[in-house]
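Colleague: Each chain, letter by letter, is given below.
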Amino acid sequence: MALKDITLGQYFPGNSPVHRLDPRTKLIAVVLYIVALFLANWFVTYAIMFLVLAGAIAISKVPPKSILRGLKPVLFIVVFTAVLNLFYTPGDTVLAQFWIFTITLEGVYRAFFMVIRIMMLISGTFLLTYTTSPILLTDGLESLMNPLKKIKVPVHELAMMMSIALRFIPTLIEETDKIMSAQRARGADFESGNLIQRAKALLPLLVPLFISAFRRADELATAMECRCYHGGEGRTRLRQLKYKTADYVTLLLFLAITVGVGVLGRLGL
Amino acid sequence: MDPIIETKNLTHTYSAGTPFEHTALDGVDFCAYPGEYLGVIGHTGSGKSTLIQHLNALLKPTSGTVLFQDTDIWSDPKITKKTRFQVGLVFQYPEYQLFEETVYKDISFGPKNMGLDEKEIDRRVRAAAYFVGLRDDQLDKSPFELSGGQKRRVAIAGVIAMEPKVLILDEPTAGLDPEGVESILGNIREYHQAHNATIILVSHSMEEVARSVDRLVAVNDGKIPFQGAPREVFRHGDELEQMGLGVPQLTRVFHRLKAMGVDIDPSVYTLDQAKQAILTKLGKVVD
Amino acid sequence: MSAIIQTRDLHFSYPAAEGETPVVLDGVSLEIEEGSFVAVLGHNGCGKSTLAKHMNAILLPSGGTVYVDGIDTSDEDRLLDIRRAVGMVFQNPDNQIVANVVEEDVAFAPENLGVPPDEIRRRVDDALKAVNMYHYREHAPHLLSGGQKQRVAIAGVIAMRPRCIVLDEPTAMLDPIGRRDVLNTIKTLNRERGVTVVLITHHMDEAAQADRLIVMAKGKVVADGAPKAVFSQVEELRKVGLTVPQTTALLWELRQEGCDVPLDALSDEECAQALFQLLKKRLPL
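Residue numbers (numbering that gives the first Met the number 0), protein chains in the order written: chain U, 0 to 268; chain F, 0 to 286; chain D, 0 to 284.
Treat the hints with caution; some may be incorrect.
As the list claims (entries may be wrong) - Result set (EDC-like, lysine to aspartate or glutamate): computed pairs, CA atoms no more than 20 Å apart in a straight line:
| # | chain 1 | residue 1 | chain 2 | residue 2 |
| --- | --- | --- | --- | --- |
| 1 | F | Lys80 | U | Asp176 |
| 2 | D | Lys279 | F | Asp264 |
| 3 | U | Lys71 | F | Glu20 |
| 4 | F | Lys59 | U | Asp188 |
| 5 | D | Lys52 | D | Asp68 |
| 6 | U | Lys199 | F | Glu100 |
Stated by the list, open to error - Facing chain D, a subset of chain U residues (Cβ under 8 Å, in silico):
| # | residue |
| --- | --- |
| 7 | Thr170 |
| 8 | Met223 |
| 9 | Cys225 |
| 10 | Cys227 |
| 11 | Thr235 |
| 12 | Ala255 |
Rather than coming from a laboratory, the hints here were simulated on the basis of the structure. Where is the CB? At the ideal position from N, CA and C, for every residue including glycine.
Use the sequences and the hints to build the structure in full.
Modeller: In structure tokens:
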């Protein structure tokens, strides 16, 4: 897989009701959604959570395929935790037993729900990044964290750094690809050898990459100054964050879902 | 004469099976002959970069074959690796790949990877440095202390030091001033003559390729619409214009002159040809 | 007409590293007329980029003064006024785009200036239309071509509503299509909006399209005038390591052979006409 193919955390421009929600709403909703996921513990509650996720994806018009593709890189971790849960959950109903492994019915359920939970957790956060431009996302975070300014947390600067980092990730990935090809053309071998040899083989990639990153940073800083950047003071925004009716409705809905799932979960559903 | 390198029905598709699927090369038959100075022209996204990266096995064909001296370069991993050394590729803005502490060490990176002995490496580094006009005392400097133009020379020397039979250069003069352009083109010409190597020069500048190359290959939309002597290729003025390339300025001037009713061959493309054509027309003795 | 930028006996040297020639600008006195299109030509290291960086106070003179719109650039209190008046576009479009979405990037400067949101929206749309990139307003910049990115960078400057734009080799990294689009954009801005343009370049054909051409060598201005007049000085230009357009070069060569042709026929059309006149005298057509 070429480095470029990584779609992790990429924004899919669109104009669906989900896209149009205030980023703060979406951030809070995702937090509530995650809390609810951890409160869910049986088929009914998981089914509710699945409906919530499926509904949100449907409204967002993000192709479900893209979400599934995003899950691929984490598949290994998911399978790994599932296996751990499968073998290490003590329980009364033993289904199978061999050597030191025991599979219990409880283990099967637990592994199953664990997989569902992780997949849904990741899908939910992906939906957030797919439907919210990184800039709006940082705006939202900045706005939600604003109260922290009082305790001298450099909120604006952090948000700026984050959005610039996001902006340059694709550029640097592309550059990594290019430098790798150039060094391969001179016979560099990034794939074989033991760990130390491989680490050493990375030098011809990392040195130019660092130098270029510094050069870019320097040029970008100058370009930003030329465009009158002087910190967060007195800055206005193209997009004003404003809660609309849809935001209040969404927030209430998610709050209700979380409370509801919490209650149903306690009842063992 | 047999080609030194050729592609047969070469197709390359990026991100196959995803919504980003994109066929960059579509059944391309390309060849270069021993000792030839070949120009490859095409605008960004035409597929020319994809093509040249196949020639030294950096990219693997989706279908079709790449032959170096009649051997499929993907037939055996050893041959694939060897091809990288025999077909040297200088990327665009190669100065951004420098990484060593000294110019000498950086140039020796390729020869070292070839597994040559110290003595041979030393000979090659010095020879390559000489070709690109680096002074001996510059070899012990850090490449990062040099000027932009000099850094580029170091990077080109790094590929030349592998003494490839085919040397491919992707926009070697991009961003340089006229003096820098002249001197890099001069270095390439010298290497071409001294080693009788095949040179493949990829460029956007028609003037630049026009006065350097023996033969031109135009790449557009993943295909090769035409190739041949510069004079022949520049006959396709309108098509080249549509491909976002155009023809040398003097070719345009001569086309206009012809359109004004002057009986003159409009296929000139260098300053010297233009001058001779006018003087001949005036009946002056040309020495 | 008044001058938007004025340099008076401008000197500049970098903090001297050992063994280097630290003097980069050596007494440059220039006036850039408001509304003009000025090209600055010179080979690498001649000081043209350093000169550009003085035009909006990224660098401050070591000696002499620079005035932007009558403000001394060393007046720190007026820094924002200076930068708002003279926008700057650099060579590498990637390294001047701040945001992840085209329109958010164009909005960056007005946001910094504290422009109200409605007005930012108007300026962003207007700037993107001016560079013909309005359709791409919701795209991610890294997926655009070099020429498109550079036009976005220009829009990002236009959105400040500057009176002058200084472009430091904006086409050096672009292919012919990108170069053409960027140059057309610059010319349109100059003609239709009256924005003063200072174009730093080493492409002769770009320089030939300006109203005025300044040639620099070793930190000094060595020629200044209409492109036709400047390019006619073939030998002087060659002395400072520059070439002339192919048209001028051909005419110059022919003059060396004793042909009676003008040297200032720069464009294809003019050059063809000049050759036609020359041949007509000799040949019955």
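Colleague: Next step is simple, just say for each hint if it's right about the structure.
Modeller: Outcome of the hint check:
Pair hint lysine 80/F plus aspartate 176/U holds up; C-alpha atoms about 19 Å apart against a cutoff of 20 Å. Restraint check for lysine 279/D and aspartate 264/F: the C-alpha separation of about 16 Å stays at or below 20 Å, so the hint holds. Taking the CA atoms of lysine 71/U and glutamate 20/F, the gap is near 19 Å; set against the 20 Å cutoff, the hint holds. Distance restraint check for lysine 59/F and aspartate 188/U: the Cα-Cα separation of roughly 16 Å lies within the 20 Å cut-off, and the hinted pair is therefore satisfied.
Between lysine 52/D and aspartate 68/D, the direct Cα distance comes to roughly 16 Å. Compliance with the 20 Å bound is thereby established for this hinted pair. Distance check on the hinted pair: lysine 199/U and glutamate 100/F sit about 15 Å apart at the alpha-carbon level, within 20 Å; holds. Of the supplied interface hints, the one on threonine 170/U holds, with its beta-carbon coming within about 6 Å of a beta-carbon of chain D, less than 8 Å. Proximity of methionine 223/U to chain D holds as hinted, the smallest CB-CB distance being about 6 Å (cut-off 8 Å).
Nearest Cβ of chain D to the Cβ of cysteine 225/U: about 4 Å, under the 8 Å cut. The hint holds. Annotation: cysteine 227/U was flagged as interfacial toward chain D, and the flag holds, the nearest CB pair being 4 Å apart, inside 8 Å. Proximity of threonine 235/U to chain D holds as hinted, the smallest CB-CB distance being about 5 Å (cut-off 8 Å). With a cut of 8 Å, the hint placing alanine 255/U at the interface with chain D is violated, because the nearest CB-to-CB distance is about 33 Å.
When the structure is compared with the earlier hints, a violation turns up for hint 12 alone.
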